[in-house]
Amino acid sequence: MCLGIPGEVIEINSKENWAIINAFGVKSKIYTSLIEEEIAVGDYLMVHAGYAIGKIDTEEAGRTLKMLEEIAQIDA
Amino acid sequence: MNIELNKKLLDRLIKLSGSISGKLGRKITLMEVCGTHTTAISKSGLRGLLSPYMELLSGPGCPVCVTDQTDIDRILAFARLPGVVITSFGDMIRVPGTHASLEVERARGAHIEICYSPHEALSYAVQHIDKEIVFLGVGFETTAPAVALSIMEAKALGIINYSVLSVHKLVPPAMKALLADPELNVDGFILPGHVSVITGRKTFDFIASEYGIPSVIAGFEPVDIMEAIFLLLKQIVDKKTETMNGYARLVSEEGNIRAKKAIEDVFEPEDSSWRGFGLIPESGLAFKATYADFDAAARFPVEVPYSSPPEGCSCGEVLKGKIKPYQCPLFSVVCTPADPTGPCMVSSEGACAAYFNYGDE
Amino acid sequence: MTSQKNSDIILLSHGDGGLLTHQLLEKYFLPCFNNTLLEGLTDAASFPVRQGKMAITTDSFVVDPIFFPGGDIGKLAVCGTVNDLAVSGAKPLYLTASFIIEEGFPIADLERIIGSMARACKEADVTIVAGDTKVVGRTQADKIFITTAGIGYMLPEADLGYNRIVPGDNVIVNGPMGNHGLSVLLERNSFSFDTKILSDCAPLNVLTEGLIKRFKGIKFMRDLTRGGLATCVKEIALSAGVDIRLNDSNIPIDDEVRGITETLGLDPLYLANEGKFLIITNGEETGSILEYLKEDLSAQKSNIIGHIEEGKGNVYLKTALGGTRRLTMLSGAPLPRIC
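Chains as they are written, first to last, in my numbering: chain A, 1 to 76; chain B, 77 to 437; chain C, 438 to 776.
Isolated chain A (complex conformation) (with noise of 0.2 Å):
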């Protein structure tokens, strides 16, 4: 059971553990309460059954991107 959807954090309530996500232009609600970093809009959420499971760090996915263009720069 692995499905999740990335969302962009477009309003946050912290005091009711929600938030509400823009995904693949879509937005639902979700519950942060598995989150223990602060989340601001704009942050991107991995959500799964109706919960966030992970903030999604941004930065370590450019250097991943960053890794794997080298890899595909190599020639055989």
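One should not assume that every hint holds.
Taking lysine-lysine and the DSSO-like style, the derived pairs with C-alpha atoms no more than 30 Å apart in a straight line are [to be verified]: (1) B/Lys207 - A/Lys29; (2) B/Lys103 - B/Lys400; (3) B/Lys84 - C/Lys738; (4) B/Lys99 - A/Lys66; (5) C/Lys580 - C/Lys633; (6) C/Lys559 - C/Lys464; (7) B/Lys91 - B/Lys316; (8) B/Lys207 - B/Lys316; (9) C/Lys755 - B/Lys400; (10) C/Lys633 - A/Lys15; (11) C/Lys749 - B/Lys400; (12) C/Lys633 - A/Lys27; (13) C/Lys671 - B/Lys400; (14) B/Lys315 - B/Lys83; (15) B/Lys337 - B/Lys315; (16) C/Lys755 - B/Lys83; (17) B/Lys83 - C/Lys738; (18) A/Lys27 - C/Lys671; (19) C/Lys633 - A/Lys29; (20) A/Lys66 - B/Lys316; (21) C/Lys738 - C/Lys650; (22) B/Lys83 - C/Lys671; (23) A/Lys66 - C/Lys633; (24) A/Lys66 - B/Lys84.
Please keep in mind that the hints were generated in silico from the structure rather than gathered at the bench.
Once you have looked at the hints, place chains B and C on chain A.
Below, chains B and C without anything else, positioned relative to chain A:
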């Protein structure tokens, strides 16, 4: 998705796999243990594209599929209880039990609501206090925290008509059962990305340290899966054995502490029976005493005779990665998504369904 | 207590053929559908026919929910039948509409539905010339069921058939896939998505008539309803005894539809459409047909999605990565998955 990058990576991957496979004198064998990976690999065409040099096997990665026959029959018995509304993720609806499925029970009058989240089920309970709402707790570590939270919330709010039937399963014990099999012959594992978000990378170190097999935690886009395969191939070439984190943008060393705590607060590990594997110690989740009131199995004692899988069904062997779906004698002849014999053909994350629907040969 | 004749809900008496039935007709159906053939309230409508072949079709509509973004059961009942005629190469003329209504159904909803039907008829340039209304007791029908039959004449230029489909032909669709099925599914379930996925429900006959009259190379057309694009293409491949090869990157799918279906674990290629059809045509006219479609406001996202090959009924889909997927028939209702 960056098509150009993906195509270049794929090209590199095919060349590298070909070269390594040539040196080894055989195909490389990798196994993934996550239904979402199974489906993503089939859907993207990766399995077929790499097949000249690499076998991408599927293991016990589909929580619906690994739920054993007796538990499925127990779920169906619950559906027949008067005054009970079964709330469930959509995957469970067509899974065949010994005599019926939830879909059939619904046609016979059972009340079944499909939910995307256990929170929805809880809201349903609040809106229908005259009914008993039972949520089917199916899923691995990715899903268990959300279910645990719904139980904690039910208790905090005093919602008495909500309970959960836990058939949750844990991945590391299943990996151990797989690895204990002397017939297992894989060069590396692709590990489930979102289960790892919860458990943390460290949880899977034992695969390298105790069993000497390389593994990489992977995300779910084709590019993520290709990245994981690259990292595995590199380990094979360098003769290294590590559990690497290929999904670092989400997976940390320790995982999601809050999620783990939610599971620990509500549940404790118990021995659980897996389709194909039999009893795996400490591989299921049972209710702790504090939340025992929300245990549907305790609230509704239902007697269900032991049931074995249908005659000829090879889901067990498919789940252990011993045979490919098309090697099951029933595959596409008797067992199809329209008329499934076992769960692997009807669950949208089942290996048999993936092979059938996406035409993997 | 409001009197029977001022009732705001459908009563059993509305279906008994007496005063209340008449009142329903006079107050709602007749003004709404507004035509002389209907107004006579004769047992049958009669009209002159021209030489050549006629075409007739029928369908029942039981969609749930009855109102959904982009349409309702009424609009569906008109467009569905009109489109069956249209893709068969016919010009639709007249429809019949039979209603089975559950006791207690709000008359305001009925008004809304038949208003919808009237607008759809106007857009398709067809008239509803015969009909029937029955009322059944509470719980004996789910709100409202509609059956429409449609009759039209075969366009003389039309020459469609499985036997005309040959290797080398191309497959074109007139726009994005999956919108109707997804719109209904989202409306039916209480997902917490804030979105505007609209059903694509629309009459296709004006478009198809224009195409048939201009392009002799059109070999076959089919509307892509239940089972979606994939099921329809598979059916054609089997019936025509050919293989069909599609290219995933060329199949138009709206971003929002792609996103939500991915989230819910659905495949837009298997979701119903109510305003989409496919054309199988020879190579020479493919370009001009595409151009013609794109000039129509409703079909600007039309695209060539694949071609016909020698074969036995297989359907192949080339994935974005360049891999190949085999498409099968739809089996079982699409469900949102979590795992």
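**OP:** If any of the earlier hints don't hold here, list their numbers in rising order.
**Re:** 8, 15, 18 and 23
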